[in-house]
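Participant: Take these sequences, add in the hints, and give me the full structure.
Chains as they are written, first to last, in our numbering: chain A, 1 to 343; chain B, 344 to 780.
Honestly, the hints are just simulated from the structure, not real lab data.
Computed footprint of chain A on chain B; a stretch qualifies when at least three of its residues, placed anywhere within it, have a C-beta under 8 Å from a C-beta of chain A: (1) 518 to 532; (2) 570 to 583; (3) 596 to 605; (4) 626 to 634.
Over the 10 Å line for every Cβ pair with chain A, so calculated as not near, a few chain B residues: (5) Arg376; (6) Thr409; (7) Ala443; (8) Asp447; (9) Ala463; (10) Arg481; (11) Ala495; (12) Glu506; (13) His514; (14) Arg659; (15) Arg693.
Don't be surprised by glycine CBs; every beta carbon is placed ideally from N, CA and C.
What follows is the residue order along each chain.
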Amino acid sequence: MAGSGTAHLRQGTTLLRAEHLVVEFGSGAHRVRAVSDVSLDVLAGETLGLVGESGCGKSTTGRAAALVQPPNSGTVWFDGVELSALSTRELRRARTRVQMVFQDPISSLNPRRRVVDSVIEPLAVWGVGTKQERRDRARATLESVGIDPDDGGARRPIEMSGGQCQRVSIARALMLDPALLICDEPVSALDVSVQAQILNLLDDLKHQRGLTMVFIAHDLAVVKNVSDRVAVMYLGKLCEVAPPQALYEHPAHPYTLALLASIPDPNPSARHDGGAPLSGDLPSPINPPSGCRFRTRCPYAEQRCADEEPQMRLVGPDQYVACHFPLRAPAGPLGPMSASPEV
Amino acid sequence: MTPWRRRLPVAFPEVSELEGPLLEVEDLHTHFRTPRGLVRAVDGVSFSVGRGRTLGVVGESGSGKTVLTRSIMGLLPGSNVERSGTVRLSGHELTALPPAELRDVWGLQVAMVFQDPMTALNPVVRVERQITESLRLRVGLDRKGAHDTALALLTSVGIPAPERRLRNYPHELSGGMRQRVMIAIALACGPRLLLADEPTTGLDVTVQAQILDLLAAQQRERSMGMILVTHDLGVVASRTDDIVVMYAGRVVEQAATAELFAHTRMPYTEALLRSIPRLADPSHTRLRAIPGRPPDLAATPPGCRFAPRCPYVQARCEAEEPPLRSAGHGHLFRCWYPVGSTEGDEALARNLAARVPAALAFTAAPSRPDGQAPAPPEAPPPGTVAPPAPAVPAATTTPAATTPAATTPAPTPKVDSLWATSPPADSGHGPATPGAG
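Facilitator: Listed below in structure tokens is the structure:
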């Protein structure tokens, strides 16, 4: 996997369309290609789940899609406008409709400000309304995310729990009425009980406000719960893009299967005889493996995987995979496809 | 050659000679004196861990589970702490040991894997010295012997190229690698009891599976006792023998793992289980979140501490704290209206009829195609009540979990502490309960 290609991109009206994104950090021998030719699209009203291990580039992809981290190359279209071609001033204006929620709820808020002031800030920056109107809107938004504006709003982040801070971060992201919300691991720092509250809240807000979301997480069970389409990333490349049901019932990429098998099952009779489904760590993106980037940890890897980089191709209804030997349900290599269906 | 050894360590009996459980914790209280008042972080906790057994300690942030492990180790700050109760390791009373003797226990008898591998390691000391420190100081190995042992340890915890890794600093390692080093340090002196405090929080799911498998393998190999602390019931479900569920400093349910999942009694445990997103559910399934958050440990409610968030709550729960009761087989719970009992079902039905928010959130419709709040299910008349959804996950549902208590005439003697429990009738159950170690 870890393949390239744009076969999985859809025709028609997509709210966000990112093609051939490349993001590099550092220079010279230490140059890291964190995102390496990733293409994504999100339809209006859809939630795209972006899954992968730490260091696979999923956060960077999310940031590049919002142009928070300008990509080294590639194009980003948002609502018919090519964001990557805009001037800085135009971009700032266009980006008010794309907002982000970050992983660490406490450190993503200014510790010295009362949370209501943090929530008002986006409106103040754009000079929306009068002071009183801004205040009223902040109160209404805080209320809609389940924070009491009188009691909670006057607090500082340190006086609140992680779950409450994440609610405030969400309120802040909603203040400019965005069309697209990019959530970067919004629940991975929270307890399971609080995680359920925040996931329900995001789902409610999505329906109330008609939001489109990109939901980045490493927990496949969480991503399945929120997503309409899931993209699996590995080492800066996409492995598989599919609707959640298909992805979970018959994953086509060996890496997706391994991720699924890693989820702890709240079932006392589950066994762990075969050992962990994946051994070792992610290889270094400074010097990634040739061909398919997953081949060093893949149980089905063959010579072809080292020689040739797999391209995205259709293997099932709306299910795309970048693998030379995709899995057949329930599991097992399908063998090289002689005539791979072109899309 | 033992240049740093000042005296012989406290004599602990060999594991094979040991009778009774490895670790016994009895009525342990740890209170912190703070400007806000007395914070009761651990409030009367009792349990035991047998040799080679794994105990899971489960609870939300702020339930006192981390303070519990620190209290067992004796790793509490020197001032403003009150600890009472007993901690016996192999029959030795740890709470009575002076600090100098406690240091002979740490590492050699009890070791700990801390939550955050990023900050628990010393950033300016190479991995080798961090592993060999206790080997040289406590076991008295020479430089060569300690190096060889460290190399063997790194190999056994699955670190590739261990010779090179020994010379690395922690920042040169990934998160999973650092946690493996933490485990190697904890295992260095061959402890009999390993305390793992959220060992996989902050790690990826793939690495989490690796680390949990590693801990299980090391435990089998060394027949260590282990306490696995986590907030995720999914993590402990298939990897522990017994589970203690903590809430606001108290043990609220305790049972053998299979028993706990099959016959959950405590509403809090049920709610925790239900809040986990499941792969088997379709997308956009409404999660059954637990409303609210745990109480302030400096001002706990007078009755049951879970009452403000409980779907089964009744007037009695708010006035009177339930004692730990026994459901047989060493299964203990702290509830007046337990899950799966007639009283519990009736209480839930009453709350649904009265539209108590906690009960409505708990029984929220499984999916919501539109943005409207799901209509709460109609409350069936009391007496014929069955919970609107299975009380436990389908995979673990057994007839007794969904049938009213008529088939399980749970004897409910009120016991103040675990130690007053009658021994389990069936020795196949509750091996970590007192008397069965």
